[in-house]
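Trainee: Okay, here's what each chain looks like letter by letter:
Protein chains: 2
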Amino acid sequence: MPSYNAPVDDTLFLLNDVLDYTQYSGLPGFSDASPDLLEAILREAAKFAEDIAQPLNLSGDQQGCFRAEDGSVTPPKGFNEAYQAFCDAGWGTLSADPAYGGQGLPHTLAVIFNEYLSSANMAFAMYPGLTAGAVAALTLHGTEELKQTYLPKMIAGSWTGTMNLTEPHCGTDLGLIRTKAAPQDDGSYKLSGTKIFISAGEHDLTENIIHFVLARIEGAPAGTKGISLFVVPKHSLDADGNPGALNGVSCGALEHKMGIHGNATCLMNYDEATGWLIGEENKGLRAMFTMMNEARLGVAVQGLGQSEVAYQNAAAYAKDRLQGRAMSGPKSPDKAADPIIVHPDVRRILLQIRSFNEAARALVLWTALKGDVSHRSDDVKTRQKADDMMGLMTPVLKGVLTDTGFANTVDAQQILGGHGYIAEWGMEQFVRDARIAMIYEGANGIQALDLVGRKLPANGGRAVMSFFAEVGAFLKEIEGQEQLSGFAKPLTQGLEHLQQATMWFMNNAMAKPDNAGAGSTDYMHLFGLVGMGYMWAKIAKTVVSKLDAGAGDKEDWLKAKLVYGTFYMERIMPETGAHLARISTGADTMMALDGDAF
Amino acid sequence: MPSYNAPVDDTLFLLNDVLDYTQYSGLPGFSDASPDLLEAILREAAKFAEDIAQPLNLSGDQQGCFRAEDGSVTPPKGFNEAYQAFCDAGWGTLSADPAYGGQGLPHTLAVIFNEYLSSANMAFAMYPGLTAGAVAALTLHGTEELKQTYLPKMIAGSWTGTMNLTEPHCGTDLGLIRTKAAPQDDGSYKLSGTKIFISAGEHDLTENIIHFVLARIEGAPAGTKGISLFVVPKHSLDADGNPGALNGVSCGALEHKMGIHGNATCLMNYDEATGWLIGEENKGLRAMFTMMNEARLGVAVQGLGQSEVAYQNAAAYAKDRLQGRAMSGPKSPDKAADPIIVHPDVRRILLQIRSFNEAARALVLWTALKGDVSHRSDDVKTRQKADDMMGLMTPVLKGVLTDTGFANTVDAQQILGGHGYIAEWGMEQFVRDARIAMIYEGANGIQALDLVGRKLPANGGRAVMSFFAEVGAFLKEIEGQEQLSGFAKPLTQGLEHLQQATMWFMNNAMAKPDNAGAGSTDYMHLFGLVGMGYMWAKIAKTVVSKLDAGAGDKEDWLKAKLVYGTFYMERIMPETGAHLARISTGADTMMALDGDAF
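Protein chains in written order, with full-length UniProt numbering: chain H, 1 to 598; chain F, 1 to 598.
Just so you know, nobody snuck in bad clues.
One copy or two, either will do: identical chains are not told apart, so a pair holds if it fits within one copy or between any two.
Below, computed lysine to aspartate or glutamate pairings styled on EDC-like, alpha-carbon distance capped at 20 Å:
1) Lys319 <-> Asp596
2) Lys225 <-> Asp338
3) Lys147 <-> Asp240
4) Lys225 <-> Glu167
5) Lys385 <-> Asp20
6) Lys541 <-> Asp20
7) Lys319 <-> Asp594
8) Lys47 <-> Asp10
9) Lys512 <-> Asp338
Rather than coming from a laboratory, the hints here were simulated on the basis of the structure.
Just chain H, same shape as in the assembly (with noise of 0.2 Å):
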């Protein structure tokens, strides 16, 4: 049976020590956050992760969802009992506005938190995470009606939300979507259509499900311009706001999905069903948008998620079998074999998931708290930098953190050998939960095009242009350091060939855009490295400077720190110059062939 323990010891030294969180504490809510009620919350996140969500993970893969011929879905056995403890412990109100039941918190939180319960158990994770996706929508374009009636219950959790986007033959491309809203006299509209892969869609964890919709309105323009966002009650509300009737909207059949079993991802009817509008008519897109930028860092730490949990089982598979000898001589002669750690490709995947889940969790969090910095901060300055910050990383986390995330998951299945691909080690569970993260919320290639095509060139490159010069004053900092050159050298390294793709595309993508798309995914990756990088430079200055304070009991734990990082440094950025040499080939070959040469 899998096993997980929540990471507290190393998300607080990231926090505290490494970024400096007490930095933020005049911000609102930072302040309610000191660094033992940070720490008190986290162990506690912890608890409800390891003790409430872990236990179902392998249970609810193997059950799933059920649907009854009405339509209703059942999760699996468990996940009500959960839900509820989710709610009752108030996890979902975390970082949610006070005005509606929220504790204020930082957002980083409610990160680390997803992070966690990701790790436990993702199908489960996701009832929640999509809610609070909704309520980020919801809060920023809703009427102060919408906002009464429905945001205390969701954030509370005791209704959930999703996002309705998808059509059949519509996802990426979103101009096309066919589901109708018909205006009534009272102000409402009655939406008609159909939506698929709806996380969430339909279950009994909650006495109401709030639909986020996207539709055209009769009459509406063609494209993109002509697309709203509604909110669709799965029960009508009554006079007192309580749910009533039952809506016209109701799932017709579950997906048979490779993954996330525990996760009723449902195919939706809409026949008549009420909505409200949110926001502007034919703006539902910008709308929307809020709902995906916050749901895109989610998904980016389901990733992460599914990585930490699968080294970790992973790893201590490999300290408990015995098998073969270490090549320089018995490790462990009193035994029959040694445990298979004592190999150094054994351990080469064991590092080289670890160097990633440390620096990646970093990343997150110094972009989740730019993210909070940007929307607490008082002065405009201050938040228009970190808002870039946060929307350059964005889809770098999301589309790095998942792809890799997912590769680590089928690294980690590989330590165990046969026992790897057979159900109840849970490793193969990893794989297939983690393989969704790099489909959902925008498919990587998708957030690679958000990166060069939007993030790169906005405000004539002004959120890079920052981003090279924090990197760079932090290398500045620590020149002629000698313990840090093995984290200086590379990271110089892997900053220049971002620099050089970076004006590679300035000098050849305006003219012709498919040689942005060409090395999209690559350059995407290559920001990716040098970001976690960054972290792990900062991460050993850090390390250095506690070791030579005296660093106590905590002595072997920061310098293995400084293994993985060497590790990272050593195995892992290399791979910047072939992701340079790529993009620098440019679109021509690609591009030569007609489609049917495919």
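With chain H's structure known, arrange chain F on it following the hints.
Mentor: Using the frame of chain H, we list chain F on its own:
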């Protein structure tokens, strides 16, 4: 519903034009396989794969195998009829020894059939696939009596074979085997023990199943020096050699696996089952390795096979799915959107897979032909050189074609977005099925160690030197050919990286074996990149000379190959530098930590 078209034209082009298959016509069996007959056989093979095996792939995955309480196992619907058709057409007899009912054709033909069948239905292909390995072991190591008893039935397909190595506590390290064999007065043995992960361990496709079992004879030395190989029929044979009473072997459970659901993966209980020794006492591993080397090439081909079928379905989807517009302006202005194949990032994925598939197929055929030469040439030196190359390339193919083949199924799945994640499109099955090929028949880490630890240093590096000489001579041959410079340059660079890495091992791994283990997987992939790069350069040379001679209606088809190859050189070969950089960092960082730091 997924589909499959066997790449017969590609195979014929490689055999006839690139690898000059007719040069071997003097070898036994080759004279019977004229180009006309070869094509006729491949077209029939394609029909069997496309029309009989492929239609059962998705349904076989969804139904899986069923074990009744009495231990009997039923494969998915249609497998019995398909297996009967396989036997009726004599597909198992292709390259088998004519003395026992085989056709004696080149084994290369069986390898090609195996690719097509693996693409069409990997779970089905494993039933006859394991029989072929068992036949090889028995042919080389069995007594004439055992051969007469078992080979004709197994070659005809009336009986299938299995390989029983793994036990719950022992996989890679076969020295830990506990299954016991007690000698009996009649020369037989009674076997008792438990074996796990036994593919095709029990089923009702045939009237008998012949288990090849590793066990320890009572009183045998500890470790690998005390392992013997036995043949244990499911039904004991009566005086006429027909299946009689059940022997003491039964299926205790079916494993719940990530994929290959159509194949019965069994836990097998041996309870005083009667078996017969194959080869010498305590020399069982040697006999089993014959079987495994055969099997490893077969598994490599599974990796290629899944990559090919995943490619075909992703390419078809990309040409069909309308979504968004080309960045360079609408390509299908009369439709609601362009097919997604207009996007460079979609083409990047497709070309990545296709440029691998064609080169991997070439390298498989190149190696398979060496295998045929090593068994059939009457010149000792020729045999030895071919055997060197076959031995060197087998772990490379097994490791690289299954690692990259799997990664390709994941990339292909990505093209379909959410549709790739649900069962009905079949893409997620390719991922789940392909995953096992990285694990069984020696996990890929073991292949890398076999390459670096055994194949590289064997006979003073004779095999690798011979490979370098062959590639070097080819580069000399195309030197100065302007049209081929885009191939010659990256291949030269890649070969240099490979040679530097080889030299690094010679200088650093003798004294410190961990340095070999630390770089083994990177070296295996570096080797594969150069091997496939060599194949692309050979293909390009052939294409250019055919185009120069006038290629008629084949012109576009041939020119497209130059584009796939150019993509490989531009985008895939840059990886060689990163591998070399990683190898050169050695084992120090990897081995720096105690086990509990993981």
